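Kindly generate the complete structure, drawing on both the sequences and the hints.
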Amino acid sequence: MLDKAAAKNAANDDIGEATRLELYRSQVNLREAEQRAYDLFLQNLVKGTSHLSLGQEAVAAGFATAMKKGDLTFCTYRGHAHTLARGVPVEKVLGELMQRDNGLMRGKGGSMHLTSEEHGVMGSYAIIGAHLPIACGAAWRAQYKGDKDVTTCFFGDGTTNIGAFHEALNFAAVWKLPVIFVCENNLYMEYTPIADVTAVPSPAGDRASAYGLEKIVIDGNDADVVYRTAQKAYEKARAGGGPSLIECLTYRHSGHSRADPAKYRPEGELEKWKERDPIKIYRERLKQFGVNDDVIAKIDADVKRVVDEATEACKAAPNPPMDILTTDVYADGGFAWRN
Amino acid sequence: MAELTYRDAVIRGIAQEMKRDNDVVFLGEDIAKAGGVFKATVGLYEQFGPLRVRDTPISEQAILGAAMGAAMTGLKPIAEIMFSDFFAVCFDYIANEFPKSRYMTNGQTKCPLVVRTGNGAGSRFGAQHSQSVENWCMMIPGLKVVAPSSPIDVIGLLAASVRDPDPVIFLEHKSLYATKGEVPDGEILDTLGTAKILRPGRDATIIALALMVPRALAAAEKLAAEHGIDCEVIDVRSLVPLDTQTILGSVAKTHRCFSVEENPRLCGWGAEIMSIIADEAFYDLDGPLVRITTPHCPLPAADTLEDAILPTVDRIVDRVKRTLQA
Chain P
1 MLDKAAAKNA ANDDIGEATR LELYRSQVNL REAEQRAYDL FLQNLVKGTS
51 HLSLGQEAVA AGFATAMKKG DLTFCTYRGH AHTLARGVPV EKVLGELMQR
101 DNGLMRGKGG SMHLTSEEHG VMGSYAIIGA HLPIACGAAW RAQYKGDKDV
151 TTCFFGDGTT NIGAFHEALN FAAVWKLPVI FVCENNLYME YTPIADVTAV
201 PSPAGDRASA YGLEKIVIDG NDADVVYRTA QKAYEKARAG GGPSLIECLT
251 YRHSGHSRAD PAKYRPEGEL EKWKERDPIK IYRERLKQFG VNDDVIAKID
301 ADVKRVVDEA TEACKAAPNP PMDILTTDVY ADGGFAWRN
Chain R
1 MAELTYRDAV IRGIAQEMKR DNDVVFLGED IAKAGGVFKA TVGLYEQFGP
51 LRVRDTPISE QAILGAAMGA AMTGLKPIAE IMFSDFFAVC FDYIANEFPK
101 SRYMTNGQTK CPLVVRTGNG AGSRFGAQHS QSVENWCMMI PGLKVVAPSS
151 PIDVIGLLAA SVRDPDPVIF LEHKSLYATK GEVPDGEILD TLGTAKILRP
201 GRDATIIALA LMVPRALAAA EKLAAEHGID CEVIDVRSLV PLDTQTILGS
251 VAKTHRCFSV EENPRLCGWG AEIMSIIADE AFYDLDGPLV RITTPHCPLP
301 AADTLEDAIL PTVDRIVDRV KRTLQA
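Residue numbers (our numbering), protein chains in the order written: chain P, 1 to 339; chain R, 1 to 326.
Derived by calculation from the structure, the hints in this document are not laboratory data.
Not one of these hints is a red herring.
The list that follows gives simulated cross-link-like pairs (lysine-lysine, DSBU-like), each with its CA atoms no further than 30 Å apart:
no., chain 1, residue 1, chain 2, residue 2
1, R, 39, P, 176
2, R, 19, P, 148
3, P, 145, R, 39
4, R, 110, P, 148
5, P, 47, R, 110
6, R, 110, P, 69
7, P, 68, P, 176
8, R, 19, P, 145
9, R, 100, P, 315
10, P, 232, P, 148
11, R, 100, P, 148
12, P, 145, R, 110
13, R, 222, R, 321
14, P, 287, P, 272
15, P, 47, R, 100
16, P, 176, R, 110
17, R, 222, R, 180
18, P, 176, R, 100
Computed from the model, here is a short list of chain R residues facing chain P with C-beta under 8 Å:
no., residue
19, 25
20, 69
21, 74
22, 75
23, 108
24, 110
25, 165
26, 166
27, 240
As the structure is a prediction and not an experimental result, all values here were calculated from the model.
Glycine included, each C-beta is placed from N, C-alpha and C at the ideal position.
The following block contains the structure:
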């Protein structure tokens with residue numbers, strides 16, 4: 001525990017106490033919601049597949065907290081955390097995972113396609129690499145219209161080996177687009193270590209120079225580091241300085257998807273990374289800066305209560321009605337292809 | 001009224017829509033300063049400037065992805081894929097991203113864009129620069145698919161495609177770029193999902209698309225002059241939405257139907273239309289439904305071979321005559 005003067009000082013550093021508490025709340029919210037998704041899967045209430053971000057919360061929380069209203073998020077099928085971090089209610093996300101009528105897309109998209117445009121979440125993309133060029137297009141619109149929003153595109157380490165990644169990076173750099181590419185390097189593409197299938201040690205960072213970009217590789221488990229890096233990139237993009245590519249080193253505590261027990265991991269690796277659990281790190285940080293235990297406990301309890309309530313609401317929610325089965329294929333609301 | 005080439009109609013159609021709406025932007029390979037490899041975009045860069053007409057790298061995924069992101073957030077992009085064969089390297093956007101985003105997000109995501117592309121055979125370019133890929137697109141729920149055969153249709157259907165709120169695949173036939181037609185002055189706007197009866201007739205209906213339309217018309221004239229067979233020729237124009245009523249109405253009158261398709265036989269668009277006729281107009285028919293297509297074979301480069309593999313006027317005449325006389 002710091003002394004009072006030091007604590008005051010720390011609370012007034014470049015991040016400040018209010019933002020730190022939000023960074024903490026956000027991470028706890030993501031952890032609680034993802035853990036709940038896993039529990040609901042074990043109860044056979046989450047259907048289909050799911051790709052959890054347990055252990056990677058600092059990346060989603062750090063970036064989302066640094067974003068402004070109107071900024072856009074594009075993420076992958078591992079997108080629950082990024083969706084929640086933009087303020088989408090837990091019930092909407094869990095409802096979609098449980099494929100109920102109260103879900104974000106009323107069960108028509110499922111866990112891999114979470115989208116909430118009103119929150120700036122422009123979609124979760126399940127084809128590796130597909131959304132990097134799409135994010136370029138959103139950023140192109142901002143550039144063309146003179147809008148000040150910045151687009152952030154999250155993806156995993158495995159994405160750095162697909163063509164669309166390279167097409168998008170080059171395209172964004174040549175057009176100087178206001179887009180931030182964020183690689184969450186959790187060490188495994190799916191089941192295979194990324195190092196086994198990649199020619200360079202930093203799958204994103206070591207590719208940056210090919211597109212005239214700075215190599216940025218950061219500790220993705222420290223929300224302060226993520227937040228500061230994000231802020232800098234957003235400032236640069238808003239000032240017309242073009243894209244950034246940021247590699248965040250992190251680790252997923254669970255397998256690739258719900259079907260994966262992650263038995264390929266060497267013994268002790270998970271335990272080692274759990275010592276660097278982003279939420280553990282951040283709780284210590286708050287304490288270091290003089291935040292009282294009861295403030296932390298209240299955040300924890302508030303988050304848990306909301307997730308509990310969301311869970312019950314989802315369990316009580318009906319399945320999607322059959323009258324939405326073929327709606328919204330075309331812009332006229334239907335699926336007619338002939339007269 | 002002026003005589004315009006199909007190529008110049010593309011330029012005029014794009015310019016008409018870019019003048020009308022500042023949100024219409026245009027991107028593709030060599031489309032700006034170079035004016036397009038088929039010279040179908042000459043002058044647009046000069047007229048609308050570098051912010052609205054943009055050259056891209058050879059990155060088809062980036063082109064279509066960027067078009068989608070721009071469309072989702074408020075622009076009305078026209079993207080060019082130089083040869084339709086290249087759809088194969090960016091097919092994720094055509095098959096998975098454009099058409100499914102609205103449905104998957106329960107109507108949240110919009111995707112109002114046009115992909116223009118050079119489609120079809122006749123240029124002696126061989127198997128990877130000559131295909132007719134409309135069938136690749138027609139089968140995907142969420143897309144619209146258009147293929148004009150004349151300069152006036154190029155302008156009107158391109159305008160309708162740009163103004164359409166759904167993703168539209170706009171297939172320009174490379175072998176039609178140099179063909180000419182009368183085009184009125186002023187704005188031209190057509191309607192997607194409408195077929196056109198180009199030649200009325202009593203004895204048989206011939207449905208065709210793009211380059212096969214002038215061949216079907218020439219065949220109909222020959223059948224009338226040499227064999228006394230009076231064919232009705234329909235330009236399908238729009239595969240999705242599909243104007244089945246015009247086709248069914250024609251078949252109810254002629255009791256016979258032939259399709260002329262440039263694509264290889266399996267799963268060609270004609271098969272879908274013929275199945276609709278078989279389902280819904282079976283008792284109108286006086287004979288078999290006949291498809292005239294290219295064989296189940298890649299396209300050869302040599303001019304003599306390429307000419308032999310595509311449906312020709314003589315092949316259409318022969319097939320219609322033999323079927324009706326059987």
